[in-house]
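Next come the chains, spelled out residue by residue.
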Amino acid sequence: MLHEITFTVNGDPYTLAVYSQQTLLKVLREKLGLTGTKIGCENGECGACTVLWDGEPVNSCLVLAVEANGHAIETVEGMSVGGELHPLQKAFIEHNAVQCGFCTPGMLMSAKSLLARNPQPTELEVREALVGNLCRCTGYVRIVDAVLDVAKNQ
Amino acid sequence: MRQFDYYQPKNFAEAFELLLLPGKVVMPLAGTTDIIPMAREERIAPDVVVDIKSLPGMREIKETEDGLLIGAAVRMSELASSPLVREYAAVLAEGAATVGHVQVRNRATLGGNMCTASPAGDTFPALLVLEAEALLRSVDGERSVPVSEFFQGPRRTALKKGELLVGVMLPKLAGAQGHYAKLSRRKAADLTLVGVAALAVPAGKGYDWRLALGAVAPTPVRVPEAEKILAQGYDATAIEKAALAAHAACSPLDDIRSSAEYRREMVVNITQRVIGQVIEKLV
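Protein chains in written order, with the numbering used here: chain A, 1 to 154; chain B, 1 to 283.
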């Protein structure tokens, strides 16, 4: 069944036709070409597909695209403004919080949502906010350091 | 993923009409954290899915004369942070806060968790000790079922065809203190090996105790033997006896996550810890 949905992605309005069974993840990547959001486990375990839904992190692999009608979605592509990287992106680079990079978009989304609701998190709060984002390279320490650094300097 | 048709009814009449579509496999959905992976793995094959989140009352947390009414589509993150739930049913807020991880809690709902009815559901021991009532609605009207009767086995509930879980009613328990804790291999995003909820409800000069276990039997279970022991007093010896009663009441499985023996031993430890936490809140 086809549905017409209207929603925003990174502030840009879209009206699209989506099938009932299509996930938001597939629509972002395949219809809008926003491949920064990664396909990982497709089971809600790895967090590589994390996007912000009205500001809250969700696994886009576990959401039907049709449900996004009327909502505001943010992806990693929306983080930099006018070519200027977001402070979190800069901090990830400075702290070498990226190796293969596959988990990074999801990590950034979860971290951005955390700092929006809690600008001065403790280390434990950072770890709790990122618990649904798996990284197989860095060991997490540099990622946590990068987020804390942004909190300290904002 | 196999094709299905999605509907988002705005009223119950429309929802029940969809649920009773002849010749179709129709499934209600809420947070989709269970239904999408299951559909992808072809463990379920719905023809029609009915999004119940827009039905009246489904997303509300409301104080009534009888208690606290929680709509079936209230999300785990909302349960965990709701001032009303924290005031009247902190043990349920604690259970909800341990489900999955942030992204899952922002989508998964109390009603979805209950209808999935995994023996390891983290909100169920709390619902049992709170003696919550499940509110079920169909074209024939509404009925309420004690949560202890709602769960009938692994992934089996009291819901009949065409019936929807619309919420739970939590009776108000003045001065009650509770706690939920669980054990899992990882600290998050893992299935629970042992979950324990305890609640002390003021009664006369002392307390009535309620204790429930999750993930160690085909359904979440109360442990009346332990409750009787604690009602007589809750010194160290009583706590140990109560924990041993919990050990005797459980029937865990061996699986990839843990042996049954380990789960049973950990029931003793977690039960003692949880009772201790409740006692700290009493004094």
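I should point out that these hints are in silico values taken from the structure, not numbers from a laboratory. C-beta atoms are modelled at their ideal positions from N, C-alpha and C, and glycine is treated no differently. Don't take every hint at face value.
If we take Cβ atoms under 8 angstroms as the criterion, some of the chain A residues that face chain B in the derived model are [stated by the list, open to error]:
1) 5
2) 6
3) 10
4) 16
5) 43
6) 45
7) 47
8) 55
9) 57
10) 59
Footprint (simulated), chain B over chain A, 3 or more residues, beta carbon under 8 angstroms [as the list claims (entries may be wrong)]:
11) 78 to 88
12) 127 to 135
Agreement of hint residue 45 of chain A with chain B interface, Cβ distance less than 8 angstroms: holds, 6 angstroms
Residue 16 of chain A as an interface hint toward chain B, with CB separation required under 8 angstroms: violated, 15 angstroms
Restraint check, 8 angstroms cut-off on beta carbons, for residue 47 of chain A near chain B: holds, 6 angstroms
Residue 55 of chain A as chain B interface residue, shortest Cβ-Cβ below 8 angstroms: This hint is violated: residue 55 of chain A lies away from chain B, its Cβ roughly 10 angstroms from the closest one there, beyond 8 angstroms.
Stated coverage of the region 127 to 135 of chain A by chain B [criterion: 3+ residues, CB within 8 angstroms]: holds (count 4)
Supplied contact hint for residue 59 of chain A, tested at 8 angstroms Cβ to chain B: holds, 5 angstroms
Interface hint status, residue 57 of chain A versus chain B (Cβ within 8 angstroms): Status holds, d = 5 angstroms.
Annotated coverage of the region 78 to 88 of chain A by chain B, confirmed only when three residues or more have a Cβ within 8 angstroms: Violated: only 0 residues of the region 78 to 88 of chain A have a Cβ under 8 angstroms from chain B.
Satisfaction of the residue 6 of chain A interface hint, Cβ to chain B closer than 8 angstroms: Nearest chain B Cβ about 14 angstroms off; hint violated.
Hint validity - residue 43 of chain A Cβ closer than 8 angstroms to any chain B Cβ: Interface hint status for residue 43 of chain A: holds (5 angstroms vs cutoff 8 angstroms).
Hint check: 8 angstroms Cβ-Cβ cutoff, residue 5 of chain A to chain B: violated, 11 angstroms
Closest C-beta approach of residue 10 of chain A to chain B relative to 8 angstroms, hint status: violated, 19 angstroms
Hint compliance for this structure: hints 1, 2, 3, 4, 8 and 11 are broken, all remaining hints hold.
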